[in-house]
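Chemist: Kindly produce the complete structure, drawing on both the sequences and the hints.
Chain order of the listed sequences is Y and Z.
Each residue of the first sequence is one higher than the one before, counting from 622 in this note's numbering.
Each residue of the second sequence is one higher than the one before, counting from 2 in this note's numbering.
Be careful, since some hints might not be right.
[As the list claims (entries may be wrong)] Example chain Y residues on the side facing chain Z (calculated, C-beta under 8 Å, incomplete):
| no. | residue |
| --- | --- |
| 1 | N674 |
| 2 | D680 |
| 3 | L704 |
| 4 | R706 |
| 5 | L731 |
| 6 | P732 |
| 7 | G737 |
| 8 | W759 |
| 9 | L843 |
[Said to hold, decoys possible] Here are the simulated distance ranges between beta carbons:
| no. | chain 1 | residue 1 | chain 2 | residue 2 | range |
| --- | --- | --- | --- | --- | --- |
| 10 | Z | E402 | Y | A816 | 28 to 36 Å |
| 11 | Z | V301 | Y | E848 | 43 to 51 Å |
| 12 | Z | A282 | Y | S638 | 47 to 55 Å |
| 13 | Z | V283 | Y | D757 | 53 to 61 Å |
In short, the hints are calculated from the structure, not lab data.
Glycine is no exception: its CB is placed at the ideal position from the N, C-alpha and C atoms.
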Amino acid sequence: MTDPLIQLRAVTKVYGSGATQFQALKGVDLDIQAGDFVAVMGPSGSGKSTTMNILGCLDVPSGGTFRFRGHHVEMLDRDQRALLRRRYLGFVFQGFNLLSRTTALENVELPLLYRGEDKRRRRELGMAALEKVGLDRWWDHTPAELSGGQQQRVAIARAIVTSPDVLLADEPTGNLDSERSVEIMELLTDLNRTANITVLMVTHESDMAAFARTVVHFKDGLVERVETGHRQGQAVEA
Amino acid sequence: MFGTTLVLALRSIRRHLLRSFLTILGIVIGVGAVVTMVTLGKATTAAVQQNISALGTNVLQVRPGQGFGRGGGGPQPSPFEEEDVEAVANQVAGVTAVAPQANASATAIYEGSNWSTSINGTTSAFLTVQPWPLTSGRYWTPAEQAAGKAVCLLGNTVRQNLFRGQDAVGSRMRIGAISCDVIGTLNTRGQGGFGDQDDVVVMPIKAVQRRFTGNRDIRLMLVGVDPTYSAQTVQSAISDVLRERRRIQPGRDDDFNIFDTAQIRDTLTSTTTMLTRIVAAVAAISLVVGGIGIMNIMLVSVTERTREIGIRLAIGAVAGEVLMQFLVEAVALSCLGGLIGLVLAQGVILALVPLMQVPWTFDPQINVIAFAISAVIGVVFGYFPARRAAALNPIDALRHE
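Modeler: This is the structure we're talking about:
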């Protein structure tokens with residue numbers, strides 16, 4: 622078996638100190654293989670968001686090790702983690718988090734700006750990403766002119782424009798109705814299959830988790846159980 | 002990286018045009034005020050210097066009476082006589098020439114035109130003290146001067162108003178009750194703080210005394226000073242000669258005054274320069290206030306854009322890039338304000354120059370300095386908000402409502 626893309630070992634996370642100290646993670650072990658589609662589930666306060674922040678290199682563990690592509694992320698400083706995010710990760714949020722008064726294309730181009738791509742290349746890659754999410758005709762619309770589902774697709778285009786290894790989605794369908802939610806999930810599934818992007822998704826809806834190949838259940842700061850070989854995953858492997 | 006941040010900063014300014022304009026208003030006004038004040042101050046100084054220089058350099062003006070700010074009461078001091086002029090010319094070392102003056106005003110008439118002007122009666126020494134070239138004709142001869150012939154030289158304003166385009170030399174015009182021959186026309190001297198210096202008719206002093214003032218009084222002596230002599234020494238020597246001739250007891254004040262034009266020029270120049278500096282300092286305060294305005298808005302902007310900063314950090318911006326973006330934004334704003342301020346200042350200067358009757362000048366130095374200050378203000382006042390933005394934690398920033 623190949624080394625996992627992501628490997629968490631005995632990861633703990635403590636917030637605050639003294640009397641107000643709160644242990645969010647109590648020793649999480651988790652392996653995620655490249656190309657997997659993982660749904661992370663659990664009640665609020667179970668540690669799933671904290672784990673996602675650590676996996677997204679936005680936060681560092683208080684203890685334990687986090688290896689991403691073999692790098693010990695827990696050893697990296699703030700700017701090194703920013704460069705790791707820039708190079709390998711894409712983010713999709715529940716609240717879409719697009720820049721207001723900014724066209725869809727400019728939003729999608731943003732990560733490329735930080736990568737130092739020139740204007741022509743930004744446009745080229747930005748339009749290609751918008752095309753993948755089916756919004757290339759809406760490139761000059763600002764978020765205020767787009768529906769919720771469209772905004773989330775722009776956000777997905779922004780996340781994949783750099784061809785990341787991993788797409789982290791935090792409740793991507795939380796603000797959408799069920800029809801739009803299924804569209805977004807189908808889009809993520811398609812990206813996972815065709816672009817071979819590893820998808821990590823936090824959700825509390827089992828309907829959405831059903832699109833994933835692996836489901837990780839969190840409880841009280843620990844991984845409670847891991848279900849593999851979901852229906853969706855079997856279909857892929859068939 | 003700088004190109005990227007500049008693009009981001011300019012985009013952000015463009016997206017919030019009204020807010021950006023209000024942000025830089027303080028800088029616009031500050032830069033505009035500093036440049037306007039300094040430029041107009043320097044123009045005023047230059048105008049003062051020009052006016053004083055028009056009186057002649059190395060020239061002392063000697064008048065009966067105690068001069069500025071004094072006198073008033075007491076008996077009218079007696080005027081100078083022809084013998085006083087000769088005494089100063091002959092007895093004081095370092096005097097090149099002494100031109101007596103007797104002045105009158107009268108209306109000059111030629112054919113249908115008439116023009117009210119002033120008459121300056123003097124001797125040919127006047128031209129030694131204050132050279133004044135002719136545009137045509139000739140000066141008067143010693144014989145004409147001695148005889149007090151009614152011959153005259155026309156200042157440019159008088160010539161234009163009486164003769165229009167015609168050749169004045171050789172004509173005969175009326176001035177007051179007499180008629181006189183125009184023998185020459187004088188080159189233009191221009192406008193000065195003491196009125197139009199070309200609005201004058203110059204005649205031999207004897208003619209003026211006999212036909213206009215009706216006495217032999219001399220109200221002003223212009224004394225040319227050899228530049229190798231100190232004006233101070235010459236001044237006190239003249240004073241000694243005149244005190245003796247006017248029988249002033251030792252210990253009593255002079256009943257005449259001697260003006261050194263160079264001294265007046267220096268005094269006025271230093272006064273206007275000082276005033277310029279004071280006004281510029283006041284204007285500079287508004288620049289600082291403008292900088293605080295930028296800091297204010299940038300701080301508000303950082304708070305308002307916390308979520309945006311979170312997004313940028315999440316998608317891989319390093320803290321330095323966020324810092325640079327906000328810093329470049331502040332500097333771009335303040336530089337933009339500086340530029341608008343410079344343009345505004347030019348407009349205000351153009352509008353005020355004719356009102357203040359000072360020459361228009363463009364001073365590149367103050368423009369460069371004011372612009373540089375606006376850029377520095379952007380860096381100084383933009384740094385604090387930018388650092389705050391860069392220090393944000395991406396997770397908290399993303400959660401910010």
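Chemist: A separate judgement is required for each hint: does it hold in the structure or not?
Modeler: Structure-based check of all given hints:
This hint holds: N674(Y) has a C-beta 6 Å from the nearest C-beta of chain Z, less than the 8 Å allowed. The interface hint given for D680(Y) holds, since its Cβ lies 6 Å from the closest Cβ of chain Z, which is under the 8 Å cut-off. At about 7 Å, the closest approach between the beta carbon of L704(Y) and any beta carbon in chain Z falls short of 8 Å, and the interface hint on this residue holds. With its C-beta approaching chain Z no nearer than about 4 Å, R706(Y) sits inside the 8 Å limit, and its interface hint holds.
Against a cut-off of 8 Å between C-beta atoms, the interface hint on L731(Y) holds, since the closest Cβ of chain Z lies about 6 Å away. The criterion of a C-beta within 8 Å of any C-beta in chain Z is met by P732(Y), whose closest approach is roughly 5 Å, and the hint holds. At a threshold of 8 Å, the smallest CB-CB gap from G737(Y) to chain Z is about 6 Å, leaving the interface hint in force. Look at W759(Y): its Cβ only gets to about 19 Å from chain Z, farther than 8 Å, so that hint breaks.
At about 21 Å, the closest approach between the beta carbon of L843(Y) and any beta carbon in chain Z exceeds 8 Å, and the interface hint on this residue is violated. The hinted range of 28 to 36 Å is satisfied by E402(Z) and A816(Y), whose Cβ atoms lie roughly 33 Å apart. Checked against the hint of 43 to 51 Å, the C-beta distance between V301(Z) and E848(Y) comes to roughly 48 Å, which is consistent with it. Distance hint check: the CB atoms of A282(Z) and S638(Y) are about 52 Å apart, consistent with the given range 47 to 55 Å.
The supplied range of 53 to 61 Å is met by V283(Z) and D757(Y), whose beta-carbon atoms lie about 58 Å from each other.
Of the numbered hints given earlier, the model fails hints 8 and 9; all others are met.
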